[in-house]
Amino acid sequence: MSKTNLTRRGLLRSGAVAGAGVALPTIFTGSSVAAFTNEPTGSTVTLGFNVPQTGPYADEGADELRAYELAVEHLNGGGDGGMMNTFSSKALNGSGILGKKVQYVTGDTQTKSDAARASAKSMIEKDGAVMITGGSSSGVAVAVQALCQEAGVIFMAGLTHSNDTTGKDKRANGFRHFFNSYMSGAALAPILAKNYGTDRKAYHLTADYNWGYTTEEAIRNSTEAMGWETVAAVKTPLTQTDFSSYIAPVLQSGADVLVLNHYGGNMVNSLTNAVQFGLREKVVNGKNFEIVVPLYSRLMAKGAGANVKGIYGSTNWHWSLQDEGTKAFVKSFGTKYGFPPSQAAHTCYAQALLYADAVQRAGSFNPCAVAEALEGFEFDGMGNGKTLYRAEDHQCFKDVLVVRGKENPTSEFDLLEIVEITPVEQVTYDASIFGGQLGTCNPGA
Amino acid sequence: MDAIILQILNGLDKGSAYALIALGLTLIFGTLGVVNFAHGALFMIGAFCAVTLSRILTLSHVVVDSTKTDFLGRPLEVQVPYVYDIFGEATGAAIIDWAVPLSILFAIPVMLMVGVAMERGLIKYFYKRPHADQILVTFGLAIVLQEIIKYFYGANPIPTPAPSAFTGSFDFGAILGFDPNTIIYPYWRLVYFAFAAVIIGAVFAFLQFTTFGMVVRAGMADRETVGLLGINIDRRFTIMFGLAAAVAGLAGVMYTPINSPNYHMGMDFLVLSFVVVVVGGMGSLPGAVLAGFLLGILESFASMREVIDLIPGINQVIIYLVAIVILLTRPRGLLGRKGVMED
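Taken in order, these protein sequences are the chains called A and B. According to numbering that gives the first Met the number 0, the first sequence is numbered sequentially starting from 0. According to numbering that gives the first Met the number 0, the second sequence is numbered sequentially starting from 0.
Hints should not be assumed to be uniformly reliable.
Just so you have them, the derived chain B footprint on chain A, three or more residues with Cβ under 8 Å [to be verified]:
#1 277-284
#2 360-367
Here are the simulated DSSO-like pairs of lysine-lysine, each with C-alpha atoms no more than 30 Å apart in a straight line [stated by the list, open to error]:
#3 B:149 to A:405
#4 A:335 to B:67
#5 A:405 to B:123
#6 B:149 to A:308
#7 A:326 to A:286
#8 A:335 to B:149
#9 B:67 to A:120
#10 B:67 to A:330
#11 A:326 to B:67
#12 A:308 to B:127
#13 A:330 to B:149
Read the hints as simulated data drawn from the structure, not as lab findings. Beta carbons: idealized from backbone N, C-alpha and C, even for Gly.
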């Protein structure tokens with residue numbers, strides 16, 4: 000007669016252990032019934048919008064969130080459809096993504112890497128977000144991208160301009176629509192040479208962190224190739240608010256151009272200080288003194304007020320473009336919120352749609368299938384003309400805008416004017432020049 | 000030589016701001032014995048008084064200009080300030096142009112009220128508590144105040160330009176016999192320095208030459224005895240808190256054209272101002288002013304390219320290094336008195 004060890008207590012214990020194992024979020028388990036992290040099983044799918052809601056970039060984050068809310072509305076068939084109508088891929092039909100209604104959760108990056116990782120982690124583990132997107136800083140983008148790679152979800156970067164995001168820190172699960180420092184340099188240099196000549200002496204003030212370094216390097220390389228000389232490059236602390244002691248010695252150095260590799264509050268303050276010092280009225284080496292701001296943002300131009308007038312820079316997108324995609328997006332956004340979208344809002348809206356479209360085309364939310372659908376994907380109608388999501392580094396390649404602070408703005412949004420649309424060929428580079436490895440896609444689970 | 004003169008000039012306006020904030024901090028510490036970490040927030044509120052007044056002055060009504068279109072292709076709605084209607088366009092534009100100096104008149108009563116409300120509403124309950132409690136509550140208050148400002152004004156800096164008469168810079172080099180453009184200094188920063196000098200002088204004169212000031216000084220020296228003489232020293236100290244708030248607020252108002260104000264500008268100044276107070280000597284008003292200018296100028300020198308090349312990173316730590324050296328050699332600070340915060 001066989002003897003079984005089955006007891007009531009033993010059954011309860013093993014039942015509890017098995018139950019707990021099943022109940023564990025898939026992110027903690029090596030293998031489970033789900034094929035990938037946070038596979039949506041119900042009638043909805045959750046996206047995670049990780050934007051700065053507090054801290055110095057809160058206004059930019061608020062604009063990103065507005066764009067995401069608009070994208071969700073359009074994906075679910077609401078509103079006028081925005082850029083879905085002009086997007087060259089017609090996979091999206093307003094019935095959500097793969098028939099699942101799109102829901103979203105939000106996190107606050109605070110523009111701090113650790114806070115951004117914590118909020119992304121929470122959205123993945125607690126809220127079941129299948130994709131994370133947003134942000135307004137390269138430091139945050141690199142940190143969250145690495146987290147998403149480990150967790151097995153797709154990361155669609157928001158506003159991040161450092162070469163590293165799709166350079167040395169690129170990841171197979173991460174994708175960037177925004178342009179980068181290299182492209183700014185390549186687009187700006189010819190315009191600077193054309194307007195200011197090839198015999199110039201440049202003085203760089205550079206924010207002392209990752210993005211500052213890559214931007215300075217990009218602008219130096221491309222302007223020096225045009226014949227400019229770099230007289231000095233001084234690093235300024237990120238926390239600096241008064242730049243007078245950095246700006247005062249500029250004229251003494253014999254420089255006739257000041258390049259401000261600053262973003263956000265740094266840019267607003269350094270530009271304001273430089274204009275206060277009357278640099279732009281000076282004549283040095285027989286030429287008018289000029290100031291250049293490599294990365295422009297309308298929200299920052301607003302902060303700097305009249306000081307931006309006539310100053311050159313580059314931008315990813317501007318609401319005054321006249322292509323059909325831009326017009327559709329500006330109309331949608333402007334009607335809903337009462338003002339035109341910023342470039343941060345544009346890139347975030349585009350990223351949300353690009354992700355949804357990739358899922359739809361792949362027929363799966365599996366990050367590896369989505370990544371495959373995005374790699375080498377060519378599209379149009381999203382506001383930047385023909386665009387390629389390059390497979391080698393997950394960087395979008397599209398035309399870059401060179402802009403100038405407008406002399407006679409008609410409203411508080413009308414601060415920049417487009418000087419030139421630099422064709423994509425001029426800003427394309429070899430994927431290997433910044434190093435780094437994509438690695439393999441991680442579906443998690 | 001020209002570089003040295005330039006950095007001394009540069010340090011003066013930064014030093015002016017440090018000195019004004021540190022002066023208020025010392026006044027509060029000397030009179031009420033409170034370590035007020037919300038003092039930076041008062042500087043910030045002052046700056047936002049200027050923002051508020053310029054917003055009031057630019058309150059507008061809409062006139063539709065059918066010859067132009069907005070970003071959605073609708074007829075352009077042009078904002079016309081009410082002051083144009085009241086005073087005519089030329090005078091109206093001049094009033095808006097002079098919004099920052101006019102804000103001084105607006106900020107004085109506002110800051111006095113904010114200061115008195117802060118003291119009566121919260122800080123007076125912490126007089127007998129340890130300094131650590133005072134620091135925690137005032138720091139918390141600073142965070143609350145800056146979040147309130149952010150709620151109403153947003154997180155982005157708000158441009159608040161100086162009157163157009165003060166744009167551009169003054170060529171000191173030309174006067175001193177150097178090449179043109181070697182020593183230039185913005186007009187508004189000169190105004191700021193002169194303004195700070197006037198305020199500092201006025202505060203000292205008020206304390207030195209008025210009966211009220213004499214009583215306050217007596218109270219700072221021995222609060223109990225002054226109270227025993229039948230003088231309501233608490234009420235005077237409350238007024239001093241209001242005065243210190245007004246000094247910080249005015250420093251903020253005049254600072255707005257130098258850097259566009261944002262909600263955390265107070266925090267940027269706060270820590271440095273505390274270092275200034277400690278270096279100057281806790282409770283010493285002349286010490287606060289002296290240390291303010293000294294550290295402002297040293298900070299400017301440390302940001303020179305030649306200095307950074309020699310000692311990388313010195314620009315970020317110079318103030319703290321100097322503070323350490325001074326506190327090691329003169330533990331009570333430059334002009335500190337015996338017995339302050341030593342019980």
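Tested hints:
1. Chain B is given as covering the region 277-284 of chain A, and this holds because 4 residues of the stretch bring a CB closer than 8 Å to a CB of that chain, at least three being needed.
2. Counting residues of the region 360-367 of chain A whose CB lies closer than 8 Å to any CB of chain B gives 0, so the stated coverage by that chain is violated, three being the minimum.
3. For the proposed pair residue 149 of chain B and residue 405 of chain A, the alpha carbon gap of about 28 Å is at most 30 Å, so the pair holds.
4. This hinted pair checks out: residue 335 of chain A and residue 67 of chain B have alpha carbons roughly 22 Å apart, not beyond 30 Å.
5. Note on residue 405 of chain A and residue 123 of chain B: the hinted pairing is violated, with a Cα-Cα distance of about 52 Å set against a maximum of 30 Å.
6. Restraint check: the Cα-Cα separation between residue 149 of chain B and residue 308 of chain A comes to about 27 Å, which is no more than 30 Å; the hinted pair holds.
7. Annotation: proposed proximity of residue 326 of chain A to residue 286 of chain A is violated, straight-line Cα distance about 40 Å (limit 30 Å).
8. For the suggested pair residue 335 of chain A and residue 149 of chain B, the alpha carbons sit about 23 Å apart, so the restraint of at most 30 Å is met.
9. For the hint linking residue 67 of chain B to residue 120 of chain A, the alpha-carbon distance of about 49 Å lies beyond 30 Å, and the restraint is violated.
10. Under the criterion of a C-alpha separation no larger than 30 Å, the hint pairing residue 67 of chain B with residue 330 of chain A is consistent with the structure, at around 17 Å.
11. A distance of roughly 18 Å separates the Cα atoms of residue 326 of chain A and residue 67 of chain B; the hinted pair therefore holds under the 30 Å criterion.
12. A hinted pair counts as satisfied when its Cα atoms are at most 30 Å apart, and residue 308 of chain A with residue 127 of chain B does not qualify at roughly 55 Å.
13. Taken as a hint, the residue 330 of chain A and residue 149 of chain B pair is honoured in the structure, with Cα atoms around 29 Å apart against an allowance of 30 Å.
This entry does not satisfy hints 2, 5, 7, 9 and 12, going by the numbered hints stated previously.
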